[in-house]
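J.: Single-letter residue listing:
Number of protein chains: 2
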Amino acid sequence: MPTRKLYEVIAAEIDESIRKGVLRAGDRLPSVRHLSGSRGVSPSTVFQAYYLLEGRGLLRARERSGYFVAPCGGKQPPQAVARSEPSGESMDLDVSDMIFRILDANPRNDRAGLGSAFPSPLLFPQDRLGQVLAASARTLDPWSSVDDLSTGNLALRRQIARRYMADGMTVSADEIVITNGALEAINVCLAAVARPGEAVILECPCFHAALQTLERMAIRAIHVPTHPGDGIDLGALEQAIVRNKPKACLLMSTFQNPLGSVMPERQKQLLAQLLQTHELPLIEDDVYGELHFTDRRPPAIKAFDTQGLVLHCSSFSKWLAPWYRIGWTVPGRFQDAVVRQKLTLNLSTCGPTQLALASYLERGGADKHLRRLRQTLARQQQRLLLAIGEHFPDGTRVTKPLGGYMLWVELPEHIDTLKLHGAALARGIVVAPGPIFTGDRQFRNCLRMNYGHPWSDGTEAAMEELARLMQDPSVRAS
Amino acid sequence: MPTRKLYEVIAAEIDESIRKGVLRAGDRLPSVRHLSGSRGVSPSTVFQAYYLLEGRGLLRARERSGYFVAPCGGKQPPQAVARSEPSGESMDLDVSDMIFRILDANPRNDRAGLGSAFPSPLLFPQDRLGQVLAASARTLDPWSSVDDLSTGNLALRRQIARRYMADGMTVSADEIVITNGALEAINVCLAAVARPGEAVILECPCFHAALQTLERMAIRAIHVPTHPGDGIDLGALEQAIVRNKPKACLLMSTFQNPLGSVMPERQKQLLAQLLQTHELPLIEDDVYGELHFTDRRPPAIKAFDTQGLVLHCSSFSKWLAPWYRIGWTVPGRFQDAVVRQKLTLNLSTCGPTQLALASYLERGGADKHLRRLRQTLARQQQRLLLAIGEHFPDGTRVTKPLGGYMLWVELPEHIDTLKLHGAALARGIVVAPGPIFTGDRQFRNCLRMNYGHPWSDGTEAAMEELARLMQDPSVRAS
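The listed protein sequences derive, respectively, from chains A and B. Per my numbering: the first sequence = residues 1 to 478. Per my numbering: the second sequence = residues 1 to 478.
Certain hints may be false.
[To be verified] In silico SDA-like links for lysine to any residue, alpha-carbon gap of 20 Å or less: (1) B:Lys-5 - B:Ala-166; (2) A:Lys-247 - B:Pro-196; (3) A:Lys-419 - A:Leu-103; (4) A:Lys-400 - A:Ala-117; (5) B:Lys-419 - B:Glu-464; (6) A:Lys-400 - A:Arg-383; (7) B:Lys-247 - A:Pro-196; (8) B:Lys-5 - B:Gly-365; (9) B:Lys-247 - A:Ala-218.
In short, the hints are calculated from the structure, not lab data.
Build the full structure now, drawing on both the sequences and the hints.
T.: Take a look at the structure:
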């Protein structure tokens, strides 16, 4: 990882002071001259640090008075969503139709994106990518269509391996299989470890595509309690393993969709040991790991896997090039099975876009792009939290993820988000209702909200409109 | 279809005369002056026609003596491979491991390609495609990643629809779903019509990926007798439908892999009626249709489908851009189910390459490229047939497909092609043994041979070496 600039170090310290409550909403910050003197840095360095934190919504400047901690404390909703309590029994899934009905109803041209699963495509370095794609298009070796079968382009796999190395995880290019996005990676990994009628453990709530994929493959699901802050409950997970003899576990350990939870490093380590004890494969969906607001990328469970039991999946779709549809898996001891799944599914992944991504990563603009993207997302999270605090009803609780672009909202019990989805849709607003994130339609008073789209007056108006709808009798749970 | 040039018309007439036996091997053709006078065309038109036929290997020029029909008749092996006679019972498949063992053993850098499933990538207009990809890379609408979910880019779907229209099949852009190659199209179509434990009808022999896909999905297979010339036997097919109550039929009606068979138009029509009578979905794999050596593209069964029962699948991989991995399906009444399969499998297909193909097709170079490609393949087929006739043992029989780039070779009964595969591999030669093309390991004395690679001294030497190995006691059936 590149060394941080001085102003970033200072900003991170202030950020931590705010998070720990040393500085609280409304507190005035030291003057620029004072901090500059006490830290022995130039005034412009302090200005840059304050400006960065203002951008993230943590500070507010008042004319002639200096910088103050932003009033998030007052306006932000409480962050204490309860741990889920699913039954822990395995079940046949029958939710895909319901989920599709909801997704199909959503208009394609929704640009506010509050209910979307995708970040705004405007956040990505499209011009730069277009240039490298254009350059690689002219130099493609025609034999690569045969030679890169079916694990994917070697140059790209090397670049992916390098990024893992920089983040402290040792993966060789040979262990990587390129796929059409992470969803395909999850599909081929699942097919490699579980057959129809067998069971797989999921978080609760979990990403709806995981439910739909299992249902499509006629694989049963076991939901395990999941904490909105720390992720899956390891004690409950072990019970479920012993009781249900699942074939695998499928989860997101970092910035989970829809909760935004991150398993602490120690928990990840313990989970890796648990897998080893029970010889249980884990499919780890790590598509959001690059989008951390903290100093370093949270490690993947794969980093603690000494037995090849983790089938790690990720992609470029959430932080670089969604339209390229390039993902990958590091399937450990299941590599042969995964490659065979890929071969009989669609042979191989699109060539020119793989080359372009390899070339983009080689040239080294990725980290700069990511720093900017993370700042943008952190700032947009603040905007969303402030808007929720300002407009949504009392009793609303939220998660405050340390990365990614989605958070989880628990509304007062009497609000039915399936009804809210319909009412909002009639006004051109898309939301993602809680029931699409479990196999048994729980979380009727919950929403997943996306802050991956540039905040606009339209977003603010949509939030106000949503809040008004929440007061409407038509969205009350019956 | 553009009107044919005069020399092409004359060449086609002579071609037909040779095929019908009016002109036979060694026959001298009318002098250029004579034919020019009798047909009222310029001598250069006749020259062009003769030159074209020479290019295809049908004529040979002898200095000062004029043009003669090439001695294919004498050296070509007989074309009378027998109709297959499978049991017609449904079976659980257990062949994928065996097929993978064989395919995995093959070296990636085999450039002769006799045993390959792919055409040579050198046959494709790579420079032109690189140019249009480079141009489209710079103009990609970032929102297309969302807007083109998940049926694919509209401009490309329009171009595909136009090509069908030009060939007499009416398909609208809305009916097309873009996939990562035709194999993925077949996968999503199969998943849309059949569940684990149910049965699907296949040809005998059939493409090994169809067997592997069914096995992966735990779908049972029913092989139906198939004629090396005319394709699947309709009487046997109807019996199998009545007896086994399959959920679908999966076949290639045009230039079938591995036989090269083409169902006559009338049979295709009858098959469409049969589907209607039994309300049976048909997954039609039509990836080779564009590679016809005849005047027009053989119609797809889809062209006779009035009930939306045919899930038609095709791709650009066999004639334009294998490394792009772009295919599609026209799934008829199963469209919603297919789109949902695609969504939960991998969401959507790579964007920039779809744009590039749309742009390539709009600009109109495709037909010219195809004419050249078809001539090349027809010529290479002649070379392969001549080499088989010259080198392979007496009793060898072959198919002589009217398109595509693969033919089927039936060797004398005592030769075991699984053993031949191993022996050839030790000498760096790859062959595709018959047993990988059925669920019950039939066709031990058969090979599928690929003529989609430029003929070279290396190819000729490989054919001679193969013929020598066929005499070796180690490849005798035990």
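J.: State for each hint whether it applies.
T.: Hint-by-hint comparison with the structure:
no.: 1; hint: B:Lys-5 - B:Ala-166; verdict: holds, 18 Å
no.: 2; hint: A:Lys-247 - B:Pro-196; verdict: holds, 18 Å
no.: 3; hint: A:Lys-419 - A:Leu-103; verdict: holds, 14 Å
no.: 4; hint: A:Lys-400 - A:Ala-117; verdict: holds, 17 Å
no.: 5; hint: B:Lys-419 - B:Glu-464; verdict: holds, 17 Å
no.: 6; hint: A:Lys-400 - A:Arg-383; verdict: holds, 12 Å
no.: 7; hint: B:Lys-247 - A:Pro-196; verdict: holds, 18 Å
no.: 8; hint: B:Lys-5 - B:Gly-365; verdict: holds, 17 Å
no.: 9; hint: B:Lys-247 - A:Ala-218; verdict: holds, 17 Å
When each numbered hint is compared with the structure, no violation occurs for any of them.
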